[in-house]
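K.L.:
Single-letter residue listing:
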Amino acid sequence: MCLISDFNQLSGLQLDALREVGNIGAGNAATALAQMINSKIEMTVPRVNILPLGEVPDLTGGADRFVVGVYLGVTGSARASILFVMPVENALHLVDMLMGRNLGVTQTLDEIEVSALQEVGNIIASTYLNALAMFTGLTLIPSVPALGMDMAGAILNAVLAQFGAIGDYVLMLETEFKKEGQDVVGHFFVLPEPGALQTILSALGVNG
Amino acid sequence: MAQIIQVGMADLRVAKAPDKLMSAGLGSCVGVCLYDKTAKLGGLAHVMLPASLQAKNVQNRAKFADTALDMLVDEMEKTGGNRARFTAKIAGGAQMFRFAGDSDIMRIGERNVQAVEENLRRHGIKLVAKDTGGNFGRTIVFDIETGDLLVKTIGHGERVI
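Protein sequences, first through last, are from chains A and B. 208 is the number that the working numbering gives the last residue of the first sequence; the numbers go up by one with no jumps. 1161 is the number that the working numbering gives the last residue of the second sequence; the numbers go up by one with no jumps.
Please keep in mind that the hints were generated in silico from the structure rather than gathered at the bench. Here the structure is a predicted model, which means the values were calculated and not measured. Any given hint could turn out to be false.
Each pair of labels, with its calculated beta carbon distance range [to be verified]:
hint, chain 1, residue 1, chain 2, residue 2, range
1, A, E20, B, I1161, 47 to 55 Å
2, A, G137, B, L1127, 50 to 58 Å
3, A, E20, B, A1084, 55 to 63 Å
4, A, S77, B, E1077, 45 to 53 Å
5, A, N207, B, V1128, 47 to 55 Å
6, A, G100, B, R1107, 34 to 42 Å
7, A, G12, B, V1128, 51 to 59 Å
8, B, L1127, A, E89, 35 to 43 Å
9, B, G1133, A, S11, 43 to 51 Å
10, A, G12, B, L1053, 36 to 44 Å
11, B, L1127, A, S11, 46 to 54 Å
12, B, I1161, A, P52, 24 to 32 Å
13, A, L103, B, N1082, 54 to 62 Å
For each residue, glycine too, the CB sits at the ideal point set by N, CA and C.
Kindly generate the complete structure, drawing on both the sequences and the hints.
P.N.:
Right under this line is the structure:
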């Protein structure tokens, strides 16, 4: 059993395999996002981060940063959490693009805007998971997306709590999505549960 | 020169006046502030989960309501506090996501608050103020000089408890 506390024992080969899976999944997710907003989306090579729980909020620019987070739980052969975090300004711009509004028109997130952002989360998470499922032969089922709009630390607390019961470190695949030549649109995080990590590594044939 | 000491998720710190203790972005987590007015001493624990008993790994005792409170009381006594004088203020324990399905993990904030209150009672520490629940995050600044706890939110105002 590969517990979270053993994350540091992952081999270079295993980390490379995870990064590659992340690359394929995030590539598909970025393509889906680009199609939705009809604009080119660039992405960074996914990072495999193994971090103490307390340091995770720093990835999004600090615990105090005002963000929108779309969360999905993954069940099936491997359990995981998927979180798409955007600075609020970017989330509002994303809604403008989705709704065909002029940039800057959307100022608040009401029911319809929330629903649109949840759908974005849904599509990019599903595309990511489809790629991962094809690669590994695993069954991966995303939950209904949940949306939170608040301080990054507060959004992450709620998601990290379920990892806190198992260990003090979390493994996350992190990819940044950027609109062509612009700033970050959002951070896409995938956090497999420790048992799930073992399942994924086995399916990839890099178990131990 | 007064310092502002940051307390991260699943961490705890003790400080003396005129320093301040701060935790940014409490969501489902609960910030537990203990105060000894006479000794001008305070402690802040950023609690993440209700109980260490259900956990598989209890290496970090600051993470759970029960063990964090034991630790905070001990640390404050080591620094010159007297537990008979301790009072508590708490903030946080929100439900951050609007979620259609029912999930235990999404109600973690409420359970954290309950657990913190139970453990305060167990230690005989009086809870003098709280700002908990809702669906929004909180940043707290605990002024050890006055015992005031400043609670800042995004879109839900700022208050001192």
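K.L.:
Compare the structure with each hint and give your call.
P.N.:
Here is what the structure says about each hint:
Range check, E20 (chain A) to I1161 (chain B): about 50 Å between beta-carbon atoms, so the 47 to 55 Å window is met. Checking the proposed 50 to 58 Å range against G137 (chain A) and L1127 (chain B) shows it holds: the Cβ atoms sit about 53 Å from each other. At roughly 59 Å, the beta-carbon separation of E20 (chain A) and A1084 (chain B) lies within the given 55 to 63 Å, and the hint holds. The hinted window of 45 to 53 Å between S77 (chain A) and E1077 (chain B) holds, with their beta carbons roughly 49 Å apart.
Roughly 54 Å separates the CB atoms of N207 (chain A) and V1128 (chain B), a value that falls within the hinted 47 to 55 Å. In this structure, G100 (chain A) and R1107 (chain B) meet the distance hint of 34 to 42 Å, their C-beta atoms being roughly 38 Å apart. Range check, G12 (chain A) to V1128 (chain B): about 53 Å between beta-carbon atoms, so the 51 to 59 Å window is met. At roughly 39 Å, the beta-carbon separation of L1127 (chain B) and E89 (chain A) lies within the given 35 to 43 Å, and the hint holds.
At about 45 Å, the beta-carbon gap between G1133 (chain B) and S11 (chain A) stays in the expected band of 43 to 51 Å. In this structure the supplied range 36 to 44 Å holds for G12 (chain A) paired with L1053 (chain B), their Cβ-Cβ distance being about 37 Å. For the pair L1127 (chain B) and S11 (chain A), the supplied restraint of 46 to 54 Å holds, since their beta-carbon distance comes to about 49 Å. Evaluation of the 24 to 32 Å hint for I1161 (chain B) and P52 (chain A) yields a pass: the beta carbon distance comes to about 30 Å.
Evaluation of the 54 to 62 Å hint for L103 (chain A) and N1082 (chain B) yields a pass: the beta carbon distance comes to about 60 Å.
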